[in-house]
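Chemist: The chain contents come next:
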Amino acid sequence: DAGVTQSPTHLIKTRGQQVTLRCSPKSGHDTVSWYQQALGQGPQFIFQYYEEEERQRGNFPDRFSGHQFPNYSSELNVNALLLGDSALYLCASKVKALAGSSEQYFGPGTRLTVT
Amino acid sequence: LAKTTQPISMDSYEGQEVNITCSHNNIATNDYITWYQQFPSQGPRFIIQGYKTKVTNEVASLFIPADRKSSTLSLPRVSLSDTAVYYCLVGDSRNTGGFKTIFGAGTRLFVKA
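Keeping their order, the protein sequence lines are chains Z and V.
Residues in the first sequence are numbered consecutively from 1, following this note's numbering.
Residues in the second sequence are numbered consecutively from 1, following this note's numbering.
Derived by calculation from the structure, the hints in this document are not laboratory data.
Please note that a few of the clues may not be correct.
DSS-like, lysine-lysine: derived pairs with alpha carbons at most 30 Å apart [stated by the list, open to error]:
{"no.": "1", "chain 1": "Z", "residue 1": "Lys26", "chain 2": "V", "residue 2": "Lys52"}
{"no.": "2", "chain 1": "V", "residue 1": "Lys112", "chain 2": "V", "residue 2": "Lys54"}
{"no.": "3", "chain 1": "V", "residue 1": "Lys3", "chain 2": "Z", "residue 2": "Lys26"}
{"no.": "4", "chain 1": "Z", "residue 1": "Lys26", "chain 2": "V", "residue 2": "Lys54"}
Label pairs and their calculated CB-CB ranges [to be verified]:
{"no.": "5", "chain 1": "Z", "residue 1": "Gly3", "chain 2": "V", "residue 2": "Arg77", "range": "26 to 34 Å"}
{"no.": "6", "chain 1": "V", "residue 1": "Pro76", "chain 2": "Z", "residue 2": "His67", "range": "41 to 49 Å"}
{"no.": "7", "chain 1": "Z", "residue 1": "Leu11", "chain 2": "V", "residue 2": "Asn25", "range": "35 to 43 Å"}
{"no.": "8", "chain 1": "V", "residue 1": "Pro76", "chain 2": "Z", "residue 2": "Arg63", "range": "40 to 48 Å"}
Stretch-level coverage of chain V by chain Z, calculated; a stretch enters the list once three of its residues show a Cβ under 8 Å from a Cβ in chain Z [unchecked claim]:
{"no.": "9", "segment": "42–48"}
{"no.": "10", "segment": "103–112"}
Cβ atoms here follow ideal geometry from the backbone N, Cα and C, with glycine treated the same way.
Same shape as in the complex, but just chain V (with noise of 0.2 Å):
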């Protein structure tokens, strides 16, 4: 199983663009990297996916680098209600039937005003 290593931490001010680092370093040829956001109490919600290069969305863009083994979720201009957990995962595609999604323990951010 591809696991995620991410900081644990991290503070930032209303306004600024936001940039989380995750390292896979044993990421497997046909796993995608998803990022999610959780808010206390509720589900993960699906912000972002991507495979290669770069993807961007109405809400972060994704960057991943030639090799895969690390990837940045991008957040423009941050607010309070971005203070949240986020997670990256990649999908474990090499169990036949079925695959597990696997959380690390997610970067939780703070956004102060």
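The following block holds chain Z by itself, in its conformation from the complex (with noise of 0.2 Å):
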């Protein structure tokens, strides 16, 4: 049973340039939140995505944008990429159902270098 992958492991980029980042869920999960993890912080909530909508968002600008796929997996893209989005960007799924649980499966996460 796979679990969750992200890709691609890293990338770097040039301040201004945009980027995507792929996540597909573990098996049987229909949920899919997104992170930031700058180094030596705990992880920043961006999004969370269910049914293929955006469900919950975090203090992120609109540069940051995703989509979910009818197969859960998904999508986070950052626009005008700035030297301060250099980070581990994380994806997490989870099944919907049990309300109230924090209980995800994260995947190993993209490292971003913005120059």
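Reconstruct the complex from the two isolated chains, following the hints.
Modeler: Okay, here's the thing in structure tokens:
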């Protein structure tokens, strides 16, 4: 049973460019969340997708957008990259059913470096 | 959103039991308490989750008092490989259509030989 997978593992971009990160959830999971983790800090919630719609959003600008496909996989897009966007981007999946539960399964992350 | 407070760091020695306490005074009725472990440059890994009293699995125990305003993660006989950051979270079920998962700064556990 494959866990959460993310691609690419590493990425180097230049300021002002755009980037797309991809995530495939764990088998049987229908909800995908994205997080940004700067060095030495805890993961910061970006947004969550369920039934192909954004359901919750953290305190991130509109430059951060996403999409969920019918097979539950998801993409995170970041436009007009800034140096401060350099971070580990984590994708997590869960089954929506359990109300109040924080149990999620995380992928290995994509390390984005903006120069 | 329920906020959690936990110690910034802890040191221990191999073979000792480690207890990490988390405060969550504003926990909601439907919220669960969940702990994650994270190694450098990896995604967090689910350790244990509970609602009340005590939960035990093969790697840890979680103690939750009756008022649920705090919880304690107990790691029995830690080894060097348990050196990691441990996050305490509470599930925010109060937003319809989904909920956010809020990570704090976590507790950096350093296990020494």
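Chemist: Output the numbers, in ascending order, of every earlier hint that fails for this structure.
Modeler: none
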